[in-house]
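Trainee: Sequence:
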Amino acid sequence: MCVQSGTTTELNLADYFRFREMKYTPVVFDTAAQTVKGFEAGRCDVLTTDQSGLYALRLNLQDPSTAIVLPEIISKEPLGPVVRQGDDQWFNIVKWTLFAMVNAEELGVSSHNVDDMKKSNDPNIRRLIGNDGPKGKGLG
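Following full-length UniProt numbering, the numbering of the sequence shown begins with 1 at its first residue and continues without gaps.
Calculated from the structure, these hints are not laboratory results.
Since the model is a prediction, treat every value here as computed from it, not as a measurement.
Honestly, I wouldn't trust all of these hints.
To be verified - DEER-style ranges, computed between Cβ atoms: (1) Asp45 <-> Lys118: 44 to 54 Å; (2) Phe19 <-> Gly133: 11 to 21 Å; (3) Val94 <-> Lys23: 38 to 48 Å.
As the list claims (entries may be wrong) - Cut-off 25 Å, straight-line C-alpha distance, at most; resulting in silico cross-link-like pairs (PhoX-like, lysine-lysine): (4) Lys95 <-> Lys76; (5) Lys118 <-> Lys95; (6) Lys95 <-> Lys23; (7) Lys37 <-> Lys23.
From the three backbone atoms N, C-alpha and C, an ideal C-beta is built for every residue, glycine too.
Please construct the entire structure, taking both the sequences and the accompanying hints into account.
Mentor: Next comes the structure, spelled out in structure tokens:
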């Protein structure tokens, strides 16, 4: 499995296989470009990185039809939006909006069921939808 060294992908891959008591052989490269070249040269059967990166890398392969992006996701890491430096209030709004969306997805809260979720006893759901806690007070 081709993987770039020193990345969270490398750590997540090791955790995934260790937890499932599965064996794999990492083929580690220093840079993303080297990792792709190793994959194209046949040094490994699989290349792993962030899902968005896999789609971009596939497009740039010499023959993109020789590779597919598998649907399995072994970890979740928001790669986060970028905002202009110096606007701390906007940064906080974007950051906390992202946190709320990730939490909502993890907790199963959507626009379709939010009214039902208001009856939940789960403190995480209650906090997310504003039934408990400071209700965004820190955002101003």
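Trainee: Now look at each hint and say whether the structure bears it out.
Mentor: Each hint, compared with the structure:
1. A hinted range of 44 to 54 Å for the beta carbons of Asp45 and Lys118 is consistent with their spacing of about 49 Å.
2. At about 33 Å, the CB distance of Phe19 to Gly133 disagrees with the hint of 11 to 21 Å.
3. Evaluation of the 38 to 48 Å hint for Val94 and Lys23 yields a pass: the beta carbon distance comes to about 41 Å.
4. For the proposed pair Lys95 and Lys76, the alpha carbon gap of about 16 Å is at most 25 Å, so the pair holds.
5. Pair hint Lys118 plus Lys95 holds up; C-alpha atoms about 24 Å apart against a cutoff of 25 Å.
6. Restraint check for Lys95 and Lys23: the C-alpha separation of about 37 Å exceeds 25 Å, so the hint is violated.
7. This hinted pair checks out: Lys37 and Lys23 have alpha carbons roughly 24 Å apart, not beyond 25 Å.
Going down the numbered hints, you'll see the structure goes against 2 and 6, while the others check out.
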